[in-house]
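J.: Take a look at the letters that make up each chain.
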Amino acid sequence: MQAVSIFSRKTRRIGIFALLTGVFGLLLFARPLLTQSTWLLGDHGTIDEDVTVLIVAGGNERFELAADWVKSRPNSRLALVEAPPSRLAKYGVRRPKHEESREILLQLGVSESDLLLIPRGTLAVDLNHVAVVKWATSNSAERVGVLVECLDVRRYIEQHLTDGAKHAPIQIIGLPSSHFESDQWHRSTIGVKAFSRELLRWGYWRILGEGATGPRWDEAEWLDVLPTAERLP
Amino acid sequence: MRRFRKLVLFTLLIVAGIIVIRRPLLIAVGRHLDTGSSPHAVDFVVLLPGHEATRAFVVAGLVKKGYAPTAVLIPSKLYGQDASKAQHVIGRDILQSQGIAGDQIIELPNLHDDSTFSNAESLGTFLEKQHADCRLIVVTNDYHTRRSTWAFRQVLKDRMTQIEFVSAPADYHSAETWWHSPRGTEAYLSEYFKLGYYMLRYNRQNRILFLGTITFVVMSGAVVTLRRRKRKQEQRPANLASATEQGHTA
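Chains W and D are the protein sequences, given in the same order.
The first sequence begins at 1 in my numbering and counts up by one.
The second sequence begins at 234 in my numbering and counts up by one.
It should be emphasised that the hints constitute simulated quantities derived from the structure, not laboratory data.
Mixed in with the good hints there might be a few duds.
As the list claims (entries may be wrong) - Between beta-carbon pairs, the in silico distance windows are:
1) W:Arg187 with D:Gln387: 26 to 34 angstroms
2) D:Val456 with W:Ile16: 16 to 24 angstroms
3) W:Leu226 with D:Arg437: 54 to 62 angstroms
4) W:Pro215 with D:Lys297: 51 to 59 angstroms
5) W:Arg187 with D:Phe426: 16 to 24 angstroms
6) W:Ala212 with D:Thr458: 44 to 52 angstroms
7) D:Val253 with W:Gly92: 20 to 28 angstroms
8) W:Leu27 with D:Asp347: 26 to 34 angstroms
9) D:Val248 with W:Glu158: 23 to 31 angstroms
10) W:Gly22 with D:Thr394: 49 to 57 angstroms
11) D:Ala334 with W:Leu27: 54 to 62 angstroms
12) W:Leu33 with D:Lys239: 34 to 42 angstroms
13) D:Thr303 with W:Arg95: 25 to 33 angstroms
14) D:Thr268 with W:Phe29: 24 to 32 angstroms
None of these values were measured; they are calculated from a predicted model.
Idealized CB from N, CA, C, for every residue including glycine.
Please model the entire structure based on the sequences and the hints provided.
T.: Below, the structure written as structure tokens:
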């Protein structure tokens, strides 16, 4: 009788051996793999000495850190990226995010003159980093640092490196998340969700680039075409 | 080797086919998640927590166009200290900004967690204790309606006839464009993952079926492998004997 498998016995044995070794290795190194997956998390490095403009983008305690930094360094400034147009802001339910952040920084003692707003123009909702790069390119005398949540570090660094470095190098500083310890992300549902989400975004970015974000839903148009109610029999 | 080539060719053909029809395929994958229907007049419109910037505007629109006199909010868990950032608080603010009066909004009792399943439980209690015969519209985002319908059916069972789901469009992506952006890809792919998780986590029959299938596949594989091995072992001495016989004859 002819053998059913399409692989030779030697290939099968090598395959089984590789599979078992892989599973055993994963089980053995599960803990260090989870706790030290810093390739995505990035360093929680300190801010470089030559940074002159610090962009407050994300991460736990970013406002406190940024306020302390700018107060301790003369000739340095903080910057916020202009938030995309939002429906909540349009109807006065909430203020744009950059305005909320600005108020927090002012309450922490940062002076008005030390705050910059980076314009976003017509950039889509997920393209804050493009606004930062544009601004850094046109202000190349400044050395820019960006405070981001630890999970965003890798994607931010890679995104900032792809523009041909027409500006001074941007330093990305990862801060702990508001919801979980960076090396304990796998212990909470929020951490696992955030890690998986970032992994997917990073993977998407590596394979397909920025993508094309569609237009915002038009609630007024929707309401116009919604017929008035008809009661069911 | 010929078998291996055939397998590679078959795989390549399948992949090429998928690439050629990828657009309708991806749209079908997106539309599969949307089980929402056209709205009818009911007694209450319920806002499911999350993505208030779209869902709450749909709830407000339905109340304004006379589909229901009252909107129902399901409170969400509060993360951090800032109560103004709680989802149901934002939801209430949006409804009021759209002209819905405070007495047209009902807030259900607080919950311990934010899952769609626990939202269904909260609404089940509301129906059971206060409004046994009322009809409801539940508003959630289009890609979230299939999982919500499934979760609500597990909790409310026969009462599902009193409920209809209405889809709120999402900002920046739809079933026709979800794979164009990381945001849409994340929303739709994670929704499929969550749907699978819900089906196993909250339904005992599904769990039994899933484990049963895995056990069946593993057992069948083991039986086939063992049989094949036994047959080979049986054939080996026979082949050896016939080879020896041929040698003697030569």
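J.: State for each hint whether it applies.
T.: Okay, the hints, checked on the actual structure:
no.	hint	result
1	W:Arg187 with D:Gln387: 26 to 34 angstroms	28 angstroms, holds
2	D:Val456 with W:Ile16: 16 to 24 angstroms	18 angstroms, holds
3	W:Leu226 with D:Arg437: 54 to 62 angstroms	40 angstroms, violated
4	W:Pro215 with D:Lys297: 51 to 59 angstroms	24 angstroms, violated
5	W:Arg187 with D:Phe426: 16 to 24 angstroms	19 angstroms, holds
6	W:Ala212 with D:Thr458: 44 to 52 angstroms	49 angstroms, holds
7	D:Val253 with W:Gly92: 20 to 28 angstroms	49 angstroms, violated
8	W:Leu27 with D:Asp347: 26 to 34 angstroms	33 angstroms, holds
9	D:Val248 with W:Glu158: 23 to 31 angstroms	28 angstroms, holds
10	W:Gly22 with D:Thr394: 49 to 57 angstroms	50 angstroms, holds
11	D:Ala334 with W:Leu27: 54 to 62 angstroms	59 angstroms, holds
12	W:Leu33 with D:Lys239: 34 to 42 angstroms	38 angstroms, holds
13	D:Thr303 with W:Arg95: 25 to 33 angstroms	29 angstroms, holds
14	D:Thr268 with W:Phe29: 24 to 32 angstroms	42 angstroms, violated
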